[in-house]
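Could you build the full structure based on these sequences and the hints that come with them?
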Amino acid sequence: MSGRMSPYERFEAAFRMEPTDRVPMAPIHNYLVPYLAGLTIWEEFFQPEQLVQALLDHRHLIGDFQESYVINMNHLSLLGRAGWDQTTLDWRIYEHYPPTGNVPNLFEKPVITDYDDVFERGFAPILFNRKLGNEIWQRSIDDFLYFHHDYKEGSPAPCAGFVEQTGVPLLKGGRGCHPLDLLQYYRGIYGLTMDIYERPQQVKQMCEWFVEYEALWAMDEAMIMGAGEVPGADVIFFINGGPPGMSPDIYHEFYWPYAKQMIDIWVSRGFKVWNHWDNDHTPFLETIKTVADGLPAGKIVMDFEKTDMKKAQDVLGGTVCIYGNVPSAMLVYGTPDEVDAYCKDLIDYCAPGNGFFLGGECEVPWDSKVENIRAMMEAAEKYGRFHGDLTTPEPTGITDRGRQLLAEIKAGLKPPTRQELDAVTARWLFGSRADLMMRHAPWSFVLTKLMWQKGEEPY
Amino acid sequence: MNLLLVAGFLGSGKTTLIIKLVETLGRRGLKVAILVNEIGQVGVDNQLMRQLDLNVWELMGGCICCTLTAGLLTDLHRLDAEYNPDLVILEATGAARPSDVLDALHYYQGRPLTSVSTAVVVDPLRLPKIVRVVGPLIAAQIGPADLLIMTKTDLASPEQTAESRQIVRGMNAHAPLVRALAGRDLDGDLLRGLVPWLS
Numbered sequence: 024m025s026g027r028m029s030p031y032e033r034f035e036a037a038f039r040m041e042p043t044d045r046v047p048m049a050p051i052h053n054y055l056v057p058y059l060a061g062l063t064i065w066e067e068f069f070q071p072e073q074l075v076q077a078l079l080d081h082r083h084l085i086g087d088f089q090e091s092y093v094i095n096m097n098h099l100s101l102l103g104r105a106g107w108d109q110t111t112l113d114w115r116i117y118e119h120y121p122p123t124g125n126v127p128n129l130f131e132k133p134v135i136t137d138y139d140d141v142f143e144r145g146f147a148p149i150l151f152n153r154k155l156g157n158e159i160w161q162r163s164i165d166d167f168l169y170f171h172h173d174y175k176e177g178s179p180a181p182c183a184g185f186v187e188q189t190g191v192p193l194l195k196g197g198r199g200c201h202p203l204d205l206l207q208y209y210r211g212i213y214g215l216t217m218d219i220y221e222r223p224q225q226v227k228q229m230c231e232w233f234v235e236y237e238a239l240w241a242m243d244e245a246m247i248m249g250a251g252e253v254p255g256a257d258v259i260f261f262i263n264g265g266p267p268g269m270s271p272d273i274y275h276e277f278y279w280p281y282a283k284q285m286i287d288i289w290v291s292r293g294f295k296v297w298n299h300w301d302n303d304h305t306p307f308l309e310t311i312k313t314v315a316d317g318l319p320a321g322k323i324v325m326d327f328e329k330t331d332m333k334k335a336q337d338v339l340g341g342t343v344c345i346y347g348n349v350p351s352a353m354l355v356y357g358t359p360d361e362v363d364a365y366c367k368d369l370i371d372y373c374a375p376g377n378g379f380f381l382g383g384e385c386e387v388p389w390d391s392k393v394e395n396i397r398a399m400m401e402a403a404e405k406y407g408r409f410h411g412d413l414t415t416p417e418p419t420g421i422t423d424r425g426r427q428l429l430a431e432i433k434a435g436l437k438p439p440t441r442q443e444l445d446a447v448t449a450r451w452l453f454g455s456r457a458d459l460m461m462r463h464a465p466w467s468f469v470l471t472k473l474m475w476q477k478g479e480e481p482y
Numbered sequence: 026m027n028l029l030l031v032a033g034f035l036g037s038g039k040t041t042l043i044i045k046l047v048e049t050l051g052r053r054g055l056k057v058a059i060l061v062n063e064i065g066q067v068g069v070d071n072q073l074m075r076q077l078d079l080n081v082w083e084l085m086g087g088c089i090c091c092t093l094t095a096g097l098l099t100d101l102h103r104l105d106a107e108y109n110p111d112l113v114i115l116e117a118t119g120a121a122r123p124s125d126v127l128d129a130l131h132y133y134q135g136r137p138l139t140s141v142s143t144a145v146v147v148d149p150l151r152l153p154k155i156v157r158v159v160g161p162l163i164a165a166q167i168g169p170a171d172l173l174i175m176t177k178t179d180l181a182s183p184e185q186t187a188e189s190r191q192i193v194r195g196m197n198a199h200a201p202l203v204r205a206l207a208g209r210d211l212d213g214d215l216l217r218g219l220v221p222w223l224s
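Protein chains in written order, with my numbering: chain A, 24 to 482; chain B, 26 to 224.
What the hints contain is simulated information worked out from the structure, not anything from laboratory work.
Heads up, a few of these hints could be off.
Below, computed lysine-lysine pairings styled on BS3-like, alpha-carbon distance capped at 30 Å [said to hold, decoys possible]: (1) B/Lys154 to B/Lys45; (2) A/Lys333 to A/Lys227; (3) B/Lys154 to A/Lys283; (4) B/Lys154 to A/Lys329; (5) A/Lys405 to A/Lys329; (6) A/Lys392 to A/Lys333; (7) B/Lys154 to A/Lys227.
Note that this is a predicted model, so its numbers are computed, not measured.
Here is the structure:
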C-alpha cells in the first residue's frame, strides 16, 4: 500500500481484515442527511433522485460507505416483510421532520393467531384481508405493486450513479431479517415470548420457513441493486433485533441456529453479510465467534449496538470484522470533545489488528449535531492512520483496483434462480396449497386482489 | 421536577398503575406529565390517557433501540421549559432496560431533577414463564429498581405469588416489594413508595 485508498478499497479491505490506510468509518445516515437537506420522509423514500442529490450535497458527512435507502422500502414489496417493519408499516407517521407522534418499534397486535392455519393456508389470507381492522392493510396491494415494480426499477440507477460519482460504496444491496424478528412483528414481543415457552415446535417450524424465504429474497434484492457491479451491493444487511435479553439456552436454541443458517446461505453463495445486532450481545460473544465456522474469511461484519466493543474485539478480533458504536445520545447531546475521546478510545483498542469500522449504534439520529458527526470523522483521520502515504488525496470514483474487486465478487456470486424464489414465495403466501396456487398463479393474484377489495379472504 | 421511571415487561400493568397514580396526584393539585413510549398498538395507551384528561407527552424518535434515549432528553427539556411539572412519569417500553434509559440523563441539561427513581411492575400470573425466556431482560429491569410492585395479586394463587416473590427477591433483595390490587386505589404504602417526596 503506497497511498490513499479509495473508500471502496478501504471498505473491502476492512471486510477482509486486511490493512487499511486508515480506520474506515461511516455514520449510517438514514435520516440525518435527508433532514439537513430539507427533504420530507416521503421524499426521502419516494424520490430517489432528490435523495441522491442530498447525499451528494452532504458528501462531507458520509464517510466510507452509504446506506442504500431503496432497500429499506423495497423489502416492503415482499409481503412477508411488508408492513411490520417500523419504517415501512407506519412510515407516514414520519412524513415530516421532526417526526411527530408516538412511533412504535413494534405493534403488539398479533397478526398470526393460529400457527397451524398459516402452515396450512399461508400468509395470503392475512396480508390481503382488511378484517384485521388495521388501516395499514388497506394499502397492502398498492404498496406491493409500487415497491415491487415501479420503485425497484427506478431506484437502483440513482444509487449506482452516486457510487460511480463518489466512489463511496453502498452499505448493502439486500436486506434480511432474523426469523425471530419477523415473528416479533407477527406475534408481538409478548406473544412471541409466551410462544417460545408454550409452543416451541411451532415457533421453530415458522423460523424454518422464514430462513429460506428471507435469505433468497435478500439475495435477489442485492442483485437488483447491482451486486458484483456496484460497490457494496453484494452485501446483505442482516437485522438481528430479536427479543431483548434472552435467556442463554433460549438464545442457543431459538436464535443462534437460524442466524447461522442464514449467514451460511449468503456467504456460501458469494455474498457478504453485514450483521446488525441490536441490544447487548456481550454474553453471547463466544457463540457469535462461531459465525465464521465453515465459511471463507473476509465475508462478515458484526455491527453492534449495545454490545461491549472491547470485549467484542477481544473475542472476535481476527475472526470477523466489527463495527460500532458511538452512542446515539452522545451524538445528539454530547460535545465534539466527548465524541473525539470516545472514538479515540475505540480506535486505540479495536483498530490496530485490522477489521474494525468506526460507527454509531444504529443509524445516527436525525437530530445529531453535525459537529459531532464531523468529530467522529475527524477522529478516524487523527487516530486511525496506519499505512501508506496519507498526504496524497483520496481517489474519487471507482478505481481500477475497485473494478478488479468487483470482477472477483461477480465471479463468485450464485444468486437465487427464479424457480427458487417462486417456490419459497408460494409456500409463504399459500402454505400447503402452494403447488396448487402456483399452477394458476396469475389468476391467484387477481383473485387475491379482488377479494381483498371486498374485504374478504382470498379463498 | 421529579422523575419516576416505571418499567416492567409487556402487560404487567404499568399503564393501569400510572393512570391511578396520576389521578391520585391530580386530586392533590400536583402537575404531572407522562412520557409514553410503549410498545403496543399506536397510541392506545396514549389515547386512553388522553380520554382521562391526563397530560401525556409522547416520546418522539424512531426505533426504540436507536434513538429513544435522545428522544427522551428532547422531551424532558421541553417539559422543563414549557410545563415545569412536579413529576414526570416515564413509562418505558416493556422491552426496555431501565439503565439504558437512565444513562441518557447524563446529558440532561434542564433544571436539576429533584429526584430520580425507578419502579418496576411484575405480574405474578406470568412472571415465571417470562423469566424462562427473557430472564436477563427481567433481571435488568428488576435488579436496579428502587421499588417493586406486584400487580394482580388478588388474581394470582398463593403459589403463584410466592413463586414470583422468590424470583423477584433473587434479582433484587433490597427494594421494597409492595402489592397493587386490581381495581383498587393506590394504598398508602404503594403511594409512599412511588412518590416518597410527597409530604
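**Request:** Hints the structure violates: just list their numbers, smallest first.
**Result:** Result: hint 2 breaks, nothing else.
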